[in-house]
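Protein chains in written order, with our numbering: chain A, -8 to 351; chain B, -12 to 291.
Rather than coming from a laboratory, the hints here were simulated on the basis of the structure.
Misleading hints may appear alongside valid ones.
Unchecked claim - The calculated SDA-like cross-link candidates involving lysine to any residue, where the alpha carbons are at most 20 Å apart (straight line), are: (1) Lys(-5)/A to Pro201/B; (2) Lys19/B to Ala252/B; (3) Lys(-5)/A to Thr196/B; (4) Lys(-5)/A to Arg27/B; (5) Lys(-5)/A to Arg111/B; (6) Lys10/A to Glu39/A; (7) Lys19/B to Arg331/A; (8) Lys255/A to Phe114/A; (9) Lys10/A to Ser192/B; (10) Lys263/A to Arg148/A; (11) Lys123/A to Glu164/A; (12) Lys123/A to Arg27/B; (13) Lys45/B to Thr230/B; (14) Lys45/B to Met33/B; (15) Lys275/A to Lys(-5)/A; (16) Lys263/A to His311/A; (17) Lys(-5)/A to Ser112/B; (18) Lys263/A to Pro153/A; (19) Lys123/A to Ala247/A; (20) Lys(-5)/A to Ser20/B; (21) Lys123/A to Ala252/B; (22) Lys24/A to Ile113/B; (23) Lys255/A to Leu154/A; (24) Lys59/B to Glu197/B; (25) Lys(-5)/A to Thr230/B; (26) Lys10/A to Met33/B; (27) Lys10/A to Ser40/A; (28) Lys10/A to Ile113/B; (29) Lys10/A to Ala247/A; (30) Lys19/B to Glu119/A; (31) Lys59/B to Ser192/B; (32) Lys24/A to Gly(-1)/A; (33) Lys123/A to Lys19/B; (34) Lys41/B to Gly26/B; (35) Lys(-5)/A to Lys59/B; (36) Lys10/A to Ser112/B; (37) Lys263/A to Ala247/A; (38) Lys19/B to Phe114/A; (39) Lys(-5)/A to Ile113/B; (40) Lys59/B to Ala252/B.
In this text, all values refer to a predicted model and were calculated from it rather than measured experimentally.
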Amino acid sequence: MTYKIPMGPYHPALEEPYKLDMICEGETVIDAKLHIGFNFRGIEHLAESRNYIQVIALMERVCGICSNIHTLTLCQAMEQLTNQTPPPRAQYIRVVVAELERLHSHVLWAGIAAKLMGFKTMFMTCFEIREKVMDVLQAISGNRVNYSMNRIGGVNRDIDDPLAVLAMIEQLEREMVRTVIPIFTTSTTARSRCAGIGVLTNQRAISCGTVGPTARASGLPQDLRRAAPYAAYSEMEFEVPVQHDGDVRARLLVRALEIMESCKILRQALTKMPSGDINTGDAKIVFSTGTATSRVEAPRGEVMYSVSWKENSRNPSRVHVRTPTFANMPAIRWMVMGARLADTPLIQASIDPCYSCTDR
Amino acid sequence: MNLITALARFLIFPGLLFAIPAAWFFLWVERKSVALMQGRIGPPFMQPFFDFIKLLGKSTPPRSGVGGLLMKLWPLIAVAAAASAVGLLPVWPSSGGFEGDLILLLALLELPSMCIIAAGFSSRSIFGEIGSAREAALSVSYNVVFLLAIVSIAASQHTFRLEALAQLPASPMHWIGLLAILVCLPAKLHINPFSLPNAEQEIYSGPMTEYAGPELAMWELSHGLEWVAATGLVATLAAPHLTLWWVAAIVFIALSFAVVLLLSAVAAATARLAIDTTVRFYWQCTLIFAVLAISSAIFMRHRS
Chain A
-8 MTYKIPMGPY
2 HPALEEPYKL
12 DMICEGETVI
22 DAKLHIGFNF
32 RGIEHLAESR
42 NYIQVIALME
52 RVCGICSNIH
62 TLTLCQAMEQ
72 LTNQTPPPRA
82 QYIRVVVAEL
92 ERLHSHVLWA
102 GIAAKLMGFK
112 TMFMTCFEIR
122 EKVMDVLQAI
132 SGNRVNYSMN
142 RIGGVNRDID
152 DPLAVLAMIE
162 QLEREMVRTV
172 IPIFTTSTTA
182 RSRCAGIGVL
192 TNQRAISCGT
202 VGPTARASGL
212 PQDLRRAAPY
222 AAYSEMEFEV
232 PVQHDGDVRA
242 RLLVRALEIM
252 ESCKILRQAL
262 TKMPSGDINT
272 GDAKIVFSTG
282 TATSRVEAPR
292 GEVMYSVSWK
302 ENSRNPSRVH
312 VRTPTFANMP
322 AIRWMVMGAR
332 LADTPLIQAS
342 IDPCYSCTDR
Chain B
-12 MNLITALARF
-2 LIFPGLLFAI
8 PAAWFFLWVE
18 RKSVALMQGR
28 IGPPFMQPFF
38 DFIKLLGKST
48 PPRSGVGGLL
58 MKLWPLIAVA
68 AAASAVGLLP
78 VWPSSGGFEG
88 DLILLLALLE
98 LPSMCIIAAG
108 FSSRSIFGEI
118 GSAREAALSV
128 SYNVVFLLAI
138 VSIAASQHTF
148 RLEALAQLPA
158 SPMHWIGLLA
168 ILVCLPAKLH
178 INPFSLPNAE
188 QEIYSGPMTE
198 YAGPELAMWE
208 LSHGLEWVAA
218 TGLVATLAAP
228 HLTLWWVAAI
238 VFIALSFAVV
248 LLLSAVAAAT
258 ARLAIDTTVR
268 FYWQCTLIFA
278 VLAISSAIFM
288 RHRS
């Protein structure tokens, strides 16, 4: 006998409203259908009525986790339209904030994954560490969630003492190596819940067009920081972790290794930070007519902004956002097919979905 | 046993008057200790009691027909069974009656779990039904080990009376059996790593999903009483034989408390296992204990 189990739009396993309808036979999921759109806020349309300063503050609110990535992508696109190049110090500061945000996003995801396995102690540990990452972000930007760091032609705030931040990062890294990474990589309970479930084959990952850690866990070595470097990433040395199993454990491992790589990038960026200006100054900004696109590697994968402008206009004529979850979402159906019902919350969370960004 | 002592045992210690506050106390100890292990503050001391009173004061929408009646009935049966199980624990030396009868105690301990299964199906909620199905699968797996452990203890001592078992000198089989019972307790009490039937991230609260108000309060109470009965069973089997009644009572409470702390630590340190892993785990335990039980039986036959 098959029956349908709705998961969501309001469910203890979901951080935000969306719905997964699962057709089950006993404890096995036969098919699944994903419904989104519960959090549509019309941000793209709102952006058309905001000027070039207001639109940055607006787009920062697309996502509560990767807020910096959205302003970074938008500013990069607007810099193309205004022919501005941020000074080198600003590029380094952008890398520092982006990597800190990646750390905080991955640790948050680890906490959620632990909670979905019913491992609440690990959830608390992860969130404790996340608080510390947010403390570092607060020390740099004065804010914990929406950092307001990016502007056209650079950043708003300088990192006055990079070595003090470096000390905080090193302490964070030690804590992660001590607690989060071993649970991700060696814990038997975590392994028994993650190994071999929610498999996304390499072929399927390509045909679904997955991005970010989801793609890297299925053996696709794609990372925009390496393939199309932006900010100061071309000057950083780091590995792109790739796993080939395609299961939830592989996605866990990829993120665990990425946490280590982020710490490596942060250390380089903070020690090598050049001196100089942090933005191009307050001169009048003139936009040329046209459409510019910008892509960056967000914690969840590739974010793409397409910004259209008309000359002499203060407002953009169109801002289009494509978030990584939009690309990863179709893969969920293939991941949960044939899975146990008990594993579906963890499987759907393993792409680190952010449907609020996708709904915009 | 005269009527007054029998009533005192059933109503005062270790019966209802002790069992109900003890149930709330153990629920609090479990929640508080898990919270402290997780770096949280945890609930205040009176919280389980406040929860109970608050739930009692809620009015629930009436359910018509047999289904509604059954949904009211199951939590009451569960509470009655769990309270009787606590009352049967032979903390003090008894002089007859049902007290300390292992078979009756096992039956009473099993009733709440049967009621949960029935309640989930009576509620006709899809989450309740899945929770009940999981509870049934879990029950079939851990009960084999649980019963084998108890039978092996009883067989090694030639008695099915708990009191006699507690007084006899402990054999190795006794300790192995005790270990087996401890392994089964997380599943019996629905705590991690065997908290499948009420896995909130998957099926909300499973069989309890449709319950609210006074009926939910009764479920909470029966859950607390199960804690007291199950930890009390371990405490009775593990306690040394003592003649002074108040020392016996203190040892009983202290041992129960230690078992609660141990189970909370296990719950805090583990993730929830999936149903097939759980079933496999318990059937592997069953195999080990079956071999031990049969070998002990053969050994005893040779000896006697």
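Hey, Lys59/B versus Glu197/B, does the alpha-carbon distance stay inside 20 Å?
holds (12 Å)
20 Å Cα cutoff - pair Lys10/A, Ser192/B
holds (19 Å)
Just to be careful, I want the Cα atoms of Lys263/A and Ala247/A compared with a cutoff of 20 Å; is the pair within it?
violated (25 Å)
Lys(-5)/A and Ser112/B were given as a pair; does the straight-line alpha-carbon distance stay at or below 20 Å?
At roughly 12 Å apart (the allowed maximum being 20 Å), Ser112/B and Lys(-5)/A satisfy the hint.
Does the alpha-carbon distance linking Lys19/B and Phe114/A stay inside the 20 Å limit?
holds (17 Å)
Holds or violated: are the alpha carbons of Lys123/A and Glu164/A at most 20 Å from each other?
Status holds; Cα separation ~11 Å.
Going straight from one Cα to the other, do Lys255/A and Phe114/A come out at no more than 20 Å?
This hinted pair is violated, its Cα atoms lying about 25 Å apart.
Given pair status - Thr196/B, Lys(-5)/A, alpha carbons within 20 Å:
holds (17 Å)
Would the pair Lys123/A and Arg27/B pass a check requiring their Cα atoms to be no farther apart than 20 Å?
Cα-Cα ~16 Å, so holds.
Take the C-alpha atoms of Lys10/A and Ile113/B, compute the straight-line distance between them, and say whether it is at most 20 Å.
With a Cα-Cα distance of about 16 Å, the restraint between Lys10/A and Ile113/B holds, given a limit of 20 Å.
Is the hinted pair Lys10/A and Glu39/A satisfied, with a Cα-Cα distance of at most 20 Å?
violated (30 Å)
Are the Cα atoms of Lys10/A and Met33/B separated by 20 Å or less?
violated (38 Å)
Checked against the numbered hints above, the structure violates hints 1, 4, 6, 7, 8, 13, 15, 16, 20, 21, 25, 26, 27, 29, 33, 34, 35, 37 and 40; every other hint is satisfied.
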